[in-house]
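Engineer: No gaps in the numbering here: position 323 of the sequence shown is 323 in full-length UniProt numbering, and each next residue is one more.
Misleading hints may appear alongside valid ones.
What the hints assert, rightly or not - Result set (BS3-like, lysine-lysine): computed pairs, CA atoms no more than 25 angstroms apart in a straight line:
1. K247 - K220
2. K205 - K139
3. K489 - K479
4. K494 - K425
5. K540 - K479
6. K386 - K317
7. K234 - K386
8. K353 - K303
9. K303 - K253
10. K273 - K324
11. K347 - K407
12. K322 - K406
13. K353 - K250
14. K250 - K322
15. K381 - K139
16. K353 - K380
17. K247 - K319
18. K245 - K273
19. K232 - K273
20. K182 - K220
21. K540 - K489
22. K22 - K156
23. K459 - K506
24. K381 - K317
No lab work stands behind these hints, which were simulated from the structure alone.
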Amino acid sequence: MVRKCGYLPLVISLLGGVLKKKNSTEGWELVNKNINAYLYRGEGIDKEDEIHGVLSLSYDDLPYYLKLCFLYMGQFREDQTIYVRTLYRLWIAEGMISHNRTPRDDETTLMDIAELYLSELASRSLVQVQVEDEARDQKYSTCRLHDVLRSLCLEKAKNEDFGLQIIENYQGVNLSTLLGPKTRHLAVHCHDQGEGKPQNDGCEKYIRSLQFINVTNEKKIEFPCDILDFQKFKLLRVLLIHGCKFKERKLPKGIANLVLLKYLGLFYCVLDKLPSSISSLTYLYSLDLLGSWNVRVPNVLDKMHRLKHLVLPYYDKEKIGKYKLRLEGLEELEILYGFNSLVHDLKSVIRMKNLRRFEAIAHDNGSLLAIIDAIITSWKKLRFCKLVIRQGCQFTTTEEDLMILKKVYACPNLHDLRIHVHVGKLIHECRSEMIGSRVVHLQLMECEIEEDPMEILGKLPLLEQLFLSNRSIVGDKMKCDAMGFPCLKNLVLKCLPNLREWIIEKGAMPVVSEIEISYCSCLEMVPDGLRFTRTLQTLKICGMSELGRRVLASSDGGREGEDFDKVRHVPFITIIG
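Given only the sequences and the hints, what does the whole structure look like? Please build it.
Structural biologist: Written out as structure tokens, the structure reads:
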């Protein structure tokens, strides 16, 4: 069988994914026989046909529901990083995820089942996945299709009338002239402004999903409202628009007529507000405004009773004025990202008993304490929480402030904590709370901690990512103890202007893989203890010319500096500036 795979690792792993499900010698023999059947082409069969036969076998061995999920991934661009949480929501909106095929209990959500489907595809080597580092409730963060498998995906989608059509390098011609009569899933990858007039040939009425993606990564492209008439998309269930600006900063009026819509995603888009008419989207399951700024959402969400996932936009404190958004009537919500205490009603959120994932920005001590208390007492199903503490919250030396900070560190299910305010000496009073902390990602900015906090931070038992930046530490010395940071994988030290000496004892950071040191202008040398970090794969030094020269004495890397011996074992060293 390995010989029939042409000795190619990808093809062998695909065949392994098929064999993994066979629990007997007879099962393996049947697979081997089927390979022969797939490969049989008469005389003159070449190696490429043999490999294609194995690829087809790996696809045909999938159950029907996994075939649909796999074919749906063909609309993403070649080698594109796919965020799994977005993929799950798209699958759900398309009706590809069901409770009927898995044992169901009160804790199992459709997102959980979608993850099981992706795990199955990954176990068969049809999809490459990136393991999630920051959250314990989800296995993966991103995934992608190998270019060979994407080609297989597109071929099978065409042969099986899946109705997938991809328009590459779209530059404004009339879409109606490009649509096939069987198109059900349309992905438009746009490179320029859209111009033209809509054609009335009726193909749009069969489309169930539309992705309009700006692929330039340089500028916002104006969405072609004059070309895409949403009043014609009667069966649309999924609408995803990425990196666009809208005429007069308003959504096209026809969106309110998409009464079957289950997923509406406006990623990194420029617009002022959503229309109140979105209340007619009563089947909407996911509303995703990822990366969009200062978009005003009307107070009609209480009419959208099927809403399970809500990703709110970011807000500038100076631009939002007195705008407030009520979140009433959303007791069934499972995911809420982008909560902002300046804009959103916290009392309604506390009543959401089904929350699984929650991300919030707190701008005052009262909101911060209420969120922590809700995590502890009200949100029994919560699996992941990200909390950003911004200016407006104040931590002085009072017992009340110390109590709040201790509650933050001791809070269960708080995995991602980002503190962007002055905490001074209070962090040293939270030593016992650190030992029981569940924080996986910790970011400290503008905290102005005078005494070295590394001994205390090193006691965080689950900490994997530590980001210290923008005067988070104003002392001149740091020391990582021998038993400190047992789980730390990524460490960033950035803009710590007073840091002069950094000591790393042997045994500290036993699993660290990436370290970045940037704009710490007073740091005199690379820590000698880095020679003991044998797991370190990547070292980046940025904006520190003298320290860079101590590693590599010449800009082309041809001559070693006096500190190079400490990091000789590191495979990837990057020095910028």
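Engineer: State for each hint whether it applies.
Structural biologist: Verification of the hints:
1. Between K247 and K220 the alpha-carbon distance is near 12 angstroms, which keeps this suggested pair within the 25 angstroms criterion.
2. Proximity of K205 to K139 is assessed by CA-CA distance (about 37 angstroms); at most 25 angstroms being required, the pair is judged violated.
3. For the hint linking K489 to K479, the alpha-carbon distance of about 17 angstroms falls within 25 angstroms, and the restraint holds.
4. Proximity of K494 to K425 is assessed by CA-CA distance (about 20 angstroms); at most 25 angstroms being required, the pair is judged to hold.
5. A distance of roughly 20 angstroms separates the Cα atoms of K540 and K479; the hinted pair therefore holds under the 25 angstroms criterion.
6. About 20 angstroms separates the Cα atoms of K386 and K317, which keeps this hinted pair within 25 angstroms; it holds.
7. Restraint check for K234 and K386: the C-alpha separation of about 38 angstroms exceeds 25 angstroms, so the hint is violated.
8. Our distance criterion of 25 angstroms between C-alpha atoms is met by K353 and K303, whose separation comes to about 18 angstroms.
9. The straight-line distance between the Cα atoms of K303 and K253 is roughly 19 angstroms, inside the 25 angstroms bound, and the hint therefore holds.
10. For a cut-off of 25 angstroms, the pair hint linking K273 to K324 stands: about 13 angstroms separates their Cα positions.
11. For the hint pairing K347 with K407, the CA-to-CA distance comes to about 20 angstroms; that is within 25 angstroms, so the pair holds.
12. Straight-line distance between C-alpha atoms of K322 and K406 comes to about 32 angstroms, which puts the hinted pair past the 25 angstroms bound.
13. In summary, the hint linking K353 to K250 is not supported, as the alpha carbons are separated by about 34 angstroms, beyond the 25 angstroms threshold.
14. A C-alpha spacing of about 21 angstroms is found between K250 and K322, which places the hinted pair at or below 25 angstroms, so the restraint holds.
15. For a cut-off of 25 angstroms, the pair hint linking K381 to K139 stands: about 18 angstroms separates their Cα positions.
16. A C-alpha spacing of about 7 angstroms is found between K353 and K380, which places the hinted pair at or below 25 angstroms, so the restraint holds.
17. Restraint check for K247 and K319: satisfied, since their Cα atoms lie roughly 21 angstroms apart, inside the 25 angstroms limit.
18. At roughly 12 angstroms between alpha-carbon atoms, K245 and K273 fall within 25 angstroms of each other, so this suggested pair holds.
19. With a CA separation close to 23 angstroms, the supplied pair K232 and K273 stays within the 25 angstroms bound.
20. With a C-alpha separation of about 31 angstroms, the suggested pairing of K182 with K220 is violated against the 25 angstroms cut-off.
21. Of the pairs offered as hints, the one joining K540 and K489 holds, with about 14 angstroms between alpha carbons and a cut-off of 25 angstroms not exceeded.
22. Note on K22 and K156: the hinted pairing holds, with a Cα-Cα distance of about 24 angstroms set against a maximum of 25 angstroms.
23. For the suggested pair K459 and K506, the alpha carbons sit about 16 angstroms apart, so the restraint of at most 25 angstroms is met.
24. For the hint pairing K381 with K317, the CA-to-CA distance comes to about 31 angstroms; that exceeds 25 angstroms, so the pair is violated.
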